[in-house]
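Participant: The chain contents come next:
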Amino acid sequence: MASLNPALSTLPLAAPRRRAWRRRIFDACGWGLCGLAFLCLGAATVWILATVVLHGLGALNWKMITQGTVGTGGGLMNAIEGTLILALGGIALALPPGLAAGIYLAEFDTGWLAPVIRFFSDVLVGVPSIVIGYFGYVTLVEDLGWGFSAAAGGIALAIIALPYITRGSEMAIRQVPREMRDAAYALGASDSRVVMSITVPLALPGVLTGVLLALAIAVGETAPLLYTAGWSNFLWNGHLIQEPVGYLTYAIWAFITEPFASAHALAYAAALLVTGFVLVISIFARLALDENTGWRRRMRG
Amino acid sequence: MNPTSLPPALHFTPPAAANRVEPGRPVIGVRGLDFFYGPAQVLFGIELQVREREILALIGPSGCGKSTFLRCLNRMNDTIPGAHARGLVEIDGHNIYAPHTNVIGLRRKVGMIFQRSNPFPFSIAENVAYGLKINGLAKNRSERMARIESSLRAAGLWDEVKDRLNKPALSLSGGQQQRLCIARALAIEPEILLMDEPASALDPITTTRIEELALELKTRYTIVIVTHNLQQAARISDRTSFFLMGRVVETDSTQRMFTNPSRKETEDYITGRFG
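Residue numbers (the numbering used here), protein chains in the order written: chain A, 1 to 301; chain B, 1 to 275.
Rather than coming from a laboratory, the hints here were simulated on the basis of the structure.
Everything numeric in this text was worked out from a predicted model, so none of it was measured.
Note that beta-carbon positions come from the ideal geometry of N, C-alpha and C, so glycine has one too.
Honestly, I wouldn't trust all of these hints.
[Claimed, not checked] Estimated spans, in silico, between C-beta atoms of each pair:
(1) Pro177/A to His228/B: 19 to 27 Å
(2) Ala146/B to Pro177/A: 27 to 35 Å
(3) Leu124/A to Gly82/B: 27 to 35 Å
(4) His239/A to Ala146/B: 54 to 62 Å
(5) Glu52/B to Pro177/A: 30 to 38 Å
(6) Arg141/B to Gly238/A: 40 to 48 Å
(7) Gly24/B to Pro177/A: 31 to 39 Å
(8) Gly238/A to Lys167/B: 41 to 49 Å
[Claimed, not checked] For the chain A half of the interface with chain B, some residues (derived, Cβ under 10 Å), not all of them:
(9) Thr110
(10) Tyr185
(11) Ile198
Extracted from the complex, chain B is given alone in its bound form (with noise of 0.2 Å):
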């Protein structure tokens, strides 16, 4: 095929092809999931499975609900005052908009990492060491540490801060900080990671450095991320899902949705016509 008669934004080869795993079992499933502010219907019939250990990229332009979605699946809408669900989320089984669900419980088995970095100002020890300590995860010092130090070379970070875990989070960079962000979200040891557009606010180095953190991440857990980066929803994800004006429109394959999308709005957006 010639390349110059592809859209732009597909002049790449995806080169995380190798990694790709067969797809698992439904972790997530989302059925007729409707979501309001107030009186205002921001979600729309959301029909999704997420599989075990992929990582499903949710694409679409600004306010399409993409975010609002993510924040569905940890329940994290919950703490603003007037937002409710209508629908089926089900993760491993269980539909988490039940009466009596245990919230957090479910925020323990879903992770969440946020657009922008937010480590607490606390030491960078301590920051890791939160999520052990309320939910009352680590019974003594030593193995504390070793949950800290797991969590921290699982993000890629302990050969930087082995010398100073009690310097404070914030004396960090940005992108260091994202990812003690990461390992402060693996300590609980999750199931399912959240990214809400995680490298938006980073330089193109520390941006890769994340999508291969995700990548290598994969392998442990399943990953669903908010991103406006088209290129970087094709470098990492398994599948990718397209969100427009509260909808789904169309959920596939990376590849396929990159070349050959079958509904036109998907290739509208992807090539660049709008959004």
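Pulled out of the complex, with its shape left as it was, chain A reads as follows (with noise of 0.2 Å):
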């Protein structure tokens, strides 16, 4: 077959050898460090998944999530229902200012305010956890008079959670193309009615996944917790203060280092239990929110 151009057909195909040679090593290379550090991620996944899938297998069983901590054997039910209070209380807690900066940044973006809560946010995500607990035991077990109790740990975690939800929402926001606001201003809405029923709403997925990301944050954090929530062996009795609360991250902390079986196996538990909850909550969030599956493509048709 003859070639349309005739230029191309004069094209040597074949590179002369010694390049030829230098392509593939280079070609070589690369693939070797892209498999290096794919083995090196992957094994280290697998790895922790593995010691936490086969001790907690191991360990866990019907009593352990049916019956309250004793001394150091029994179950986790009290810190089950402690790590899902404390974290679902601190991300209520922390959802509406986080929502609302979130909302102020990206569609009011304009005076010295925008900048100021950024930087603010920013560092916040950068204070570590375990000095947030400190604070925490400072102000509001001690001064406040709080003691270990639900509400400190709720708003221990709420500190945590906050810079997410509101970096989180900005983006979300930002993303509204500028032609649903400018239909919606056209039709004679408002400021706020365009933030509460237009930018919101489209944003909503994006919104929902910082709120996730800050839900596996909160359930997944112990040092703001240490020295705000305290540990019971007892499920919740309702009391806001004044009544220390159990959670997951706590049983692995305590037990591991104790010398029983016991323990052992109620650390086993727990650990597998908590990144059970981190991982549903991710999968959850990527089928929800994803292009394809999610409710994105329901408004798309």
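Please assemble the complex out of the two chains, which come individually in their own frames, going by the hints.
Facilitator: In structure tokens:
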């Protein structure tokens, strides 16, 4: 078959041998490094998950999730309940101010206040979580006299979650196309109407991604709770203050160093449960918010 | 007249001549309007009148300020930081740039259709109902449905969508989406429609559909349309205003503008010598 372009038919298809070798070596090095990177990441992840799952499955049984802790044995029902209360409570506390700050940063980013808020938000992400625990202990537990309590623990987790929700909301709202706002304004919508009826609903999947990320972080936190939530062997009695609550990460931290097999079982099971919670949250976020399967698709038709 | 002696842009007869109505009273009066994006002045002493139930076309090269001018008429430029206007824009006798102007009421009265169709990612019915909802215009469900239907009919879309009002608006074709945006604007019963190149992103057949729609709407609404398409201006508009570098060069009946413009710049632009 004759080439349409005569210039192409004279192009040498095989590069000179020496250059071909160099290219092959480069190619092999590139693939080798990629493989190595994959192996490091994959091996670390698999190793961690395998350890957690193998130990955890051996320790996890019906008793573990239906009974409270007794000394260094028993179950983890109190800790499961406590983790859910503290994490959900913390998110519930952080969501209103976080979302409001995100809306402000994305929509009304004109004055001097927005960069200041953004700066504080970034600083808050960088504050070590143990410092937030210590802060909660000094101010809430001691000065306000709340004692180890759900309220103190929830507020500590809210402080951890706040910058994630703020940044997530801001990013999501910024991605709402300008044309959507214009359409609403042109129909006689006020600023607040545009935000409430167009911007936030359209940004909701992105906002929720930020919230779920914050929730995953809250579930896995230990340090801010050590000095604020305390520990309890019993189910929560509904008191916000003066009533310590148990939580899963404490069980890992406290029981893995005990010399008893029953304590180890508690730690292993708690580790499996925490990891499982975080995985489920991440997978749910992926599925619910995915471009092709989630509710973004419903809107696009 | 020998047609070959005419400039290329005039090789057609305006088919809409029969549709022309006598000019009504002026509903928009613009006097000495200057407009600025921050320190940069983009409109200079605009003088213009728009009459009731006419189609006024704004033509001119890119960046001449015609879209900016259009967005002055419903104060959409307010949403751009640093933008400000000086001068007089009167709609029904009220200066819309006077302090304490009810901008929301203004935008209800002066609807806008954008260059890129921008339906909300809601259902078809929800799109049309949006303006009704935020302005509290429909008391109950049956009234709302009636206004959704009449708006979609006015936009010539009802027969195509009546069986799928709850389907996503974004599942419609480009031309349908633009007509949905027109229906959405009509639902709140404006008096004036501003159209910013409403057909520039559509194919020729769909464009014809939009132009026919504009001619139908003219019997009830005053329309100001920005267009890059001179034939379009000639086909649908009663009067045409030629913008150049932030100034109005000339405003005249479309007929006269395209056959016998009084200014040299207008003639150069219309005959395709620049722009």
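Participant: Could you run down the list of hints and mark each one as holding or not?
Facilitator: Now for the hints, and whether the structure bears them out:
1. Pro177/A to His228/B: 19 to 27 Å: Roughly 23 Å apart at Cβ, these two residues keep to the hinted range, so it holds.
2. Ala146/B to Pro177/A: 27 to 35 Å: holds (31 Å)
3. Leu124/A to Gly82/B: 27 to 35 Å: Because 31 Å falls inside the window, the suggested range holds.
4. His239/A to Ala146/B: 54 to 62 Å: Roughly 56 Å apart at Cβ, these two residues keep to the hinted range, so it holds.
5. Glu52/B to Pro177/A: 30 to 38 Å: Hint holds: Cβ distance 34 Å, inside 30 to 38 Å.
6. Arg141/B to Gly238/A: 40 to 48 Å: holds (43 Å)
7. Gly24/B to Pro177/A: 31 to 39 Å: Distance hint for Gly24/B, Pro177/A holds at roughly 37 Å.
8. Gly238/A to Lys167/B: 41 to 49 Å: At 47 Å between Cβs, range holds.
9. Thr110: holds (6 Å)
10. Tyr185: Holds - the Cβ of Tyr185/A comes within 10 Å of chain B, reaching about 6 Å at its closest.
11. Ile198: holds (7 Å)
Every hint from the earlier list agrees with this structure, and none is contradicted.
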